[in-house]
Every structure is written in C-alpha cells, then in structure tokens.
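Could you put the whole structure together from the sequences, leaning on the hints where they help?
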Amino acid sequence: MDSNGPLYLLHQGDVVKFGFRVERRHVNPMSNLHGGMMASFCDMLLPLSVHRKDSTVGMRFLPTISLQIDYLAPAPLGCWVEGEAELLRATRSLVFAQGLVRADGVLCARVSGVFKIGPEFTLETAKP
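Per this note's numbering, the sequence shown starts with residue 881, numbered consecutively.
One should not assume that every hint holds.
[To be verified] Restricting the straight-line Cα-Cα distance to at most 25 Å, the calculated cross-link-like pairs of lysine to any residue (SDA-like) are: (1) LYS897 / ARG969; (2) LYS897 / GLU964; (3) LYS933 / GLY899; (4) LYS897 / ASN912; (5) LYS897 / GLY979; (6) LYS933 / TYR888; (7) LYS996 / ASP894; (8) LYS933 / LEU890; (9) LYS996 / ILE949; (10) LYS933 / PHE1001; (11) LYS897 / ALA970; (12) LYS996 / ARG969; (13) LYS996 / GLY899.
What the hints contain is simulated information worked out from the structure, not anything from laboratory work.
Put into structure tokens, the structure is as follows:
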C-alpha cells in the first residue's frame, strides 16, 4: 500500500468512494497513470466496496479470481482518480462486482471482478 498510496476511502450511507492523486511515481513515460497502478487500484476498489455495502460478506477475505479492466481514457499526472463500485451478486462462495473509475470527473476505466469469499479477518490480523 505504501507504494500505491496514499489512498482515500469515503463511506457515507450506501456511498463508497475510493481515490488517490496521481503522483510522478504512478505514471508511465507519457505522464499518464500506469495501467498496472490502475489495475492495482481496481483490485482494491471492488472488494473494499463490497465489504462496506454487503453485511452478509462483512469483513471476509476476498481473493481475486477474475478481474477485467477496460481502459477508456488516460489519467494524467496530478489528476484525482476516484472509483465507485457495486455488488452485483453474492453466492455462498463467490462475489461478483463492477465499478467505474473517473479521472478529474472523466470516465477512464470500467472494471468487473469475481472474488472468492474467504475467512473472516480483522484490521489487526490484516496488517502485514
């Protein structure tokens, strides 16, 4: 997280927003957000949103089974990147979610993923 951050999370009612400011260390040679950083961000966005939006999933580890990202526009150096996600379906063992990511308000990525519902964890046990 230290290499990717700082990352910010807003949770108010049903709204969960996750974001960060694009810094020099996040960009490619064209001074746009590197696709790998966007992928890492999306891989955190979906499970973090599900944790806060679905009480049946709660604080359970959600390892990624599948993650699809459509890169729609660049996210330039200095812009604010923010994503919102929704839970599509939760079964006994899987979670299906999707989200949209914007750079300074411009749609820049669409993401969907499938996650395995794993064991419960606490914030203390989740620390490296």
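Do the hints match the structure? See the list:
{"no.": "1", "hint": "LYS897 / ARG969", "verdict": "19 Å, holds"}
{"no.": "2", "hint": "LYS897 / GLU964", "verdict": "5 Å, holds"}
{"no.": "3", "hint": "LYS933 / GLY899", "verdict": "17 Å, holds"}
{"no.": "4", "hint": "LYS897 / ASN912", "verdict": "22 Å, holds"}
{"no.": "5", "hint": "LYS897 / GLY979", "verdict": "10 Å, holds"}
{"no.": "6", "hint": "LYS933 / TYR888", "verdict": "17 Å, holds"}
{"no.": "7", "hint": "LYS996 / ASP894", "verdict": "23 Å, holds"}
{"no.": "8", "hint": "LYS933 / LEU890", "verdict": "12 Å, holds"}
{"no.": "9", "hint": "LYS996 / ILE949", "verdict": "18 Å, holds"}
{"no.": "10", "hint": "LYS933 / PHE1001", "verdict": "17 Å, holds"}
{"no.": "11", "hint": "LYS897 / ALA970", "verdict": "20 Å, holds"}
{"no.": "12", "hint": "LYS996 / ARG969", "verdict": "12 Å, holds"}
{"no.": "13", "hint": "LYS996 / GLY899", "verdict": "24 Å, holds"}
Going down the numbered hints, you'll see the structure goes against none, and every one checks out.
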